[in-house]
Amino acid sequence: MPRITLEPRFQVEYLSILDSDGNLDTALEPKLAGEDLRALYRAMVLGRRLDERMVRLQRQGRIGTFAPIKGQEASQMGSAFTLRRIDWMVPSFRETAAMIWRGWPIEKLLLFFAGHLEGGQPALDQHDLPITIPVATQLPHAVGLAYAAQYRGDDVVVMAYFGDGATSEGDFHEALNFAGVWHVPVVFVCQNNQWAISVPLKKQTHSRTIAQKALAYGLPGIQVDGNDVLAVYAAAREAVDRARAGDGPTLIECVTYRLGVHTTADDPTKYRTAEEVAMWEQKDPLTRFRAYLEKRNLFEANVEQRIDAEIAEAVRRFESAPPADPLTMFDHVYAELPADLKAQREEMAAREPAAPASAGEPPMTPGPTPMRGQRLTRR
Amino acid sequence: MPKLNMVKALNLALFQAMERDADVLVLGEDVGVDGGVFRVTDDLQRKFGSQRVIDSPLAEAAIIGTAVGMALYGLKPVCEIQFSGFAFQCFHQIENHCARYRARSQGRFHIPMVIRMPYGGSVRALEHHSESEEQFYAHIPGLKMVIPSGPRNARALLAAAIRDPDPVIFFEAKALYHAAKEEVPEESETVPLGRAQVAREGSALTLIAYGAMVRVALEAADVLRDEDGVDAEVIDLLTISPLDRDALVTSVKKTGRAVVVHEAPRSFGAGAEIAASIMDGAFLSLEAPVRRVAAHDVPFVGFAREKANIPDVPRVVAAARATLAF
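One line per chain: the protein sequences are A and B, in this order. Following numbering that gives the first Met the number 0, the numbering of the first sequence begins with 0 at its first residue and continues without gaps. Following numbering that gives the first Met the number 0, the numbering of the second sequence begins with 0 at its first residue and continues without gaps.
Hints are computed from structural coordinates only; laboratory data are not their basis. Just so it is clear, CB atoms sit at the ideal spot from N, CA and C, and this is done for glycine as well. Please note that the accuracy of each hint is not assured.
Claimed, not checked - Straight-line C-alpha distance at most 30 Å; calculated DSS-like pairs for lysine-lysine:
(1) A:LYS341 x B:LYS46
(2) A:LYS269 x A:LYS201
(3) A:LYS341 x B:LYS306
Unchecked claim - A few chain A residues that don't get close to chain B, going by computed Cβ distances all over 12 Å:
(4) TYR13
(5) ALA26
(6) ARG55
(7) GLU106
(8) GLN125
(9) VAL155
(10) ARG207
(11) LEU218
(12) ALA273
(13) GLU280
(14) ALA311
Just chain B, with the same shape it has in the complex (with noise of 0.2 Å):
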């Protein structure tokens, strides 16, 4: 089994999808000659040709608008956001039309595509490069939102958002992009959208985390272990929306302690309707009050302060042990 990184990881799914299935087309702001700027669909163009793999001019509203016009007439196209910064230059296509055309059509018409969006902070670079917006997305109904945390389950992830037959917003952390190498199967590998995973089993109490915070989280119950003797078990959302409760519920009936981790800002985030499932399911098992690490509620604060804003080891392992001291 090849090692790749998740870029690696996310081109070959990519590769495949268009291999197996000649309706699967990309679309964005230097994905074809240039193989996008973080090379996710890096020699696709050469392999499939222009017309499958589409260097469109510099719109984003468009390349959703034309992919969505795409969608209904039966292709399943694959668009790139470059950024997820710019993606409110097209969130009315997204919101008005991408997540609207069955319910509007009444099933006559859906939308079977993909937006990739790098999203999450790292890459030291101008505002608008390093944001999550995961929590508008999973607002809307009639999308799903997934985030891979690595590039075994962003490769199978990818796939599967491709085969789905309704709208998908793929998040891929920046911070990933090129952090850790998996043995990635060459064989054609999916997993079903809207389930979590257990990425370390635990008794004590629950991290709840997605992308680039999986890390993070996996690592603060590394601390947590070592340290205070504690024993952390790890939720790996993978889909935001729709949201996998019963894992949620699952898990926190066990531990009675939750921690809900993410980059976006705290307030009206994903950790808030998490945090109310959690109440919805397991309220009876709760020990503690669930909390939320996440951003502060700030705009952009530029990459010389990221590191205070963004979720870190310390700031979990505290609110891990506020939660089993309360």
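Bound-form chain A, shown alone (with noise of 0.2 Å):
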């Protein structure tokens, strides 16, 4: 018997439409409103600008360690900007730009990182899930989402963020599978930013692209250029809307770069050349946006000031946070706090001196997920 060919349809699209020359492929250019491209450049530049903050505040021990995000501003936002407020965002650790285009205030999010639990806490109508660490595993919780979300007819859709090291994880390859099966509203974005710590791509994987990966598992993949905000921004909402219609998930591939550390605590220098960091520089995506702005008349003035201005008070209202009350430890561990836990909170709160009244909101008491347009399916 002859060998035939199965499946002969496989492709993988890449998508690049303004290149970091500045040359912009007109007919593929989205058709966004200029009021959309200027609240894109400006959360770019926040998450840019934080950033830089940032890792000077950690420097400055104000904050612990984080993952800065210098140079995937595109990748995330591309992405992020085409979610709907009832949609719902999954993050890893490395999306800054994106959290705050959700709705994280900026002083949350140094909270988390100054070691404050109440800085993970979204608020009650915020459909985000918090920064997750171990790296992939956030992923089945973004397929669950989307399966919960169908079963009650919701229309809302899942987007989910990892890095290029996280496709070598179990999890990655059992989301997708899961959600192939499932035919789930959810949206992968890798951001591949070439390195994992230490550990360059082609050490991670030896397919060719990321995004081929999805094809195993029966779903469309792209790359795209993920320094090109357009590019990115074409590619998310193509899959969102497929999602949205209920034709399924996809993996979307940005090829970006990590232009900073991996973590505050991690000296790259010891693992890849400035030769190389500066060819990356060389495709900053806000240079090229910034660029295309200005040509089309769309760039605002003084948009960085405004914006350190925003930056320098929500510092202020951070630091301004009450000091961290340890008896608080034992409030979210279970609905009811069991008896031996109970005395272990007494015990604490015999030798600890009393806490200063907190001037922060009062507890939050877990309810259902509020969610627009939700209709409860009975089967």
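Dock chain to chain to rebuild the complex, using the hints, since each chain is given by itself in its own frame.
Structure follows, in structure tokens:
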């Protein structure tokens, strides 16, 4: 019997619309309103400026270790921009720009990186998961959220973020496989920033692209220039629309670069060359997008200064937050504190000095997730 | 009142939970068409459909991981891990996420899910089909660890676990699945998690057990009564964590002596925590050191040697006699 070709259709596309030299493919240029383009740029600059400020805050010991995003602003904002508030965003730990866009107050994120769990508490009306640190483990959660939304008949899309290193984890493959089998409305956004701490992509996978890994699970996968916000937006728009229409999940690989450190505890000069970094600096997502806006007369003067003022104000609010009350560590272990934990809390209360009166909000009572347009499915 | 074995009793609990709450879903390997390898989910898919009783792909981490996502959305998934020995492939999802989401999100989210797993010896199967791993889960803050000892409390505990707002690891002793039938009321019944029960009252010593070992402890108590004229109390923990320390302390204050029985290896097992709790709460009442009868600190031994490893009635009786003679 001869060998026959079973699947001749597999193809992986690469999408670029605005390249690093400023060349624009006008046929593919997304039809975004001027106000949307300005908002995108502001969010990207906010991501960059906050990142730089956070590195300084970390060096000064005012916040702890965190993962900077410098260079990945287009990958994050081009994708997150396609979500509505009722959609869900599932971050890993390097999505500051997208998280701020989604509604996390800056001071809350700073509080999180200063070691306060309060900073990881999404608002009741916010459809965002908190930062997840074990690599790729958030991806099955995204699939579960999407399954639940579909089960309830809600018009909701879930977008999940992860890096190139995550694609070596079992949870990545299991999540894509479940998403494919269940045909759920989820968009997987891989920020392929070339480095998983010190390990380059070529040591992470023997695949030519990450996008092609989707094909094995029966989903479309596309690779985009992750430093081209228009291309990321276009690919994400397509994927989100497809998910919303009931046509299932998509994997988007954003080819980008981590211009800074892995985390503030890392020294990248040990594993990569200055030339490589310089080469990627030429492809900075902000530079080319700014040139594009200038050409279209959409660039706003003083945008950096206004953003810096906004950040400074948030840093002030962050620094005026009340000190951590140790006794609250018992508040959110179980719905009801078991007897032994009550005793442990009392022991602590007896040895710790009385906490200063907290000016914070009253503790949140967990309840069912409010959902616009929700309908309960009875089966 | 119908007499049911534990499999049928658990099936009844699942059926009633799904009938009363559309947010309850069942998810796992072979739980749908096949009804589970032990038939605990038998017929549920036919009654509730394949969207609610999901034959998942074969991947423990994604079963638990996607269920976490469902729970974050407000559903109440009941997952089945086919054998507890396979749960290490989803242990990270349980420890990193099920147990922590309430704390991580400071109460914005909670994980109302149940993870059912058959555990323990007696099925004459290969490695990973007969171990007892409750201590791993009992050690994790944010989880509850429940092990019923018979059809009626299995049904009532599972019903309570599904209604519980926090994640519950629910171990089902394979040795008990078909061991005995009990009268189980048709109307829905729950018992509170976190409370031990006195399975037999006594005054000379306290035998503390859970799951399949409750039966062993009760038989040992019969032997002690018949052969030694000794009146042993048997405590059935039902919930391993949070541990009902008051029940242990109350009993040992009365008897002055305690023997803990479990199928898991002895060192760093639940028995150690139980003994420490007795020391904390009933030290001045103790007439003898708290003894532990447990599996040996060895990996899987194969079912040809299983009897020598898992506690049986003679070993419990011997430990009780040594404690009484101390």
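Hint by hint, where does the structure go against what was stated? Just the numbers, ascending. Going through the list in order, the structure violates hints 1, 3, 8, 9 and respects the others.
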